[in-house]
Amino acid sequence: MSVESVGQKTAVEAQRPSGVSGVVADWSSDQRSFKSASWGKTMMWIFLVSDTFIFSCFLVSYMTVRMSTTVPWPNPSEIFALDIGGKKIPLILIAIMTFDLITSSGTMAIAVNYAYARERRKAALMMLATAFFGATFVGMQAFEWTKLIQEGVRPWGNPFGAAQFGSCFFMITGFHGFHVSMGVIFLLIIARSVWRGDYDRAKPGFFTGRRGRYEIVEIMGLYWHFVDLVWVFIFAFFYLW
Amino acid sequence: MTALAHASSAKSRSTPGAAVHGQQHPIALYLLVWVLLFVLSACSYLVDYFNFHGELRWGLIILFMLLKAGLIVAVFMHMAWERLALVAAILVPPLAVLVFVGAMALEGGYTNITRQVFFAAATQSRAVEH
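Protein sequences appear in the order of chains G and S.
The opening residue of the first sequence carries number 1 in this note's numbering; numbering runs sequentially from there.
The opening residue of the second sequence carries number 1 in this note's numbering; numbering runs sequentially from there.
With the rest of the complex left out, here is chain G (with noise of 0.2 Å):
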């Protein structure tokens, strides 16, 4: 879809009702059924719920072996502390990990702003800043598996306790992690293509023959807030519980 008919769609969109009379016609609509939406970034949508659905499940599960266990789970907030400076300070890798995919999230915003307003080189530098927090991200988690991993912890066991600790520990961070790795390699193709300026020329985007346009930005920040999103629940749900 080119710039043209964007345009054609604000024109549109202003004749459409809003609120729920706007869902039943949007909803019982000929054409597309989502109007302020590309198909790009509605596919985007749905890869993103079904997703959620994947997510939800290994979380659900989670909870079900915690609660149907007589053996005392392990205690996370002792398990992902750290010494530093000889005190030992509970679950605090953790928590720079979440501040680093909070920021990492801020730079993903900022570089969808530029890309709009077509300032390509500060959108691609705000992508690459993302992709490095992200990487970092993976950094620390290896870090934290390795640290594991030495203390014995397995997908079938642990010297702390349930068994089950292990297999959800790794099956959920190690998803979420596989998900900001993907994040990062796309990160940096996008940021690649924004900063040649293939999108200005409408140049073919990655994987289509469509013409490339500056959305594939919003629709990649889609991806990555949704990845901030899961590791909200994962931090309240396994490090905090």
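Hints are computed from structural coordinates only; laboratory data are not their basis.
Heads up, some of the hints might be wrong.
For the chain G half of the interface with chain S, some residues (derived, Cβ under 7 Å), not all of them [claimed, not checked]:
hint, residue
1, Trp27
2, Phe34
3, Ala95
4, Ile102
5, Ser105
In this text, a Cβ means the ideal position worked out from N, Cα and C, and glycines have one as well.
Position chain S relative to chain G; hints supplied.
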């Protein structure tokens, strides 16, 4: 018509920074949300640091979690500015997960009781025998 649209898009291209199309919002708003997410994360960390227990702990954890999730979805993911049809299509299905959570919580509690009745007792009696 197309020429007109071209003219307007060319004009908008020449003025970067103007709210042309797409989800473009003030950077100050993003920075505000960023600060709020920092504060809320610090609060949920402090819940653990001060070792709160029971309903207070759970109330605070879930409150901060929902506030953070809401800010990310509404502002960073631009949900606050999307059409209600899209918002409903995205947010309503995950609410069904709550039913699943409830069902599995019942299941987990039941399994725990049966384990305590049959296995924990058996382990204790074996311990007495030996």
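Quick rundown of the hints versus the structure:
Nearest Cβ of chain S to the Cβ of Trp27/G: about 6 Å, under the 7 Å cut. The hint holds. Nearest Cβ of chain S to the Cβ of Phe34/G: about 4 Å, under the 7 Å cut. The hint holds. Restraint check, Ala95/G versus chain S: the minimum CB separation of about 5 Å is within 7 Å; hint holds. A cut of 7 Å between beta carbons decides the hint on Ile102/G: the least distance to chain S is about 5 Å, and the hint holds.
Because the closest C-beta pair between Ser105/G and chain S is about 6 Å apart, less than 7 Å, the hint holds.
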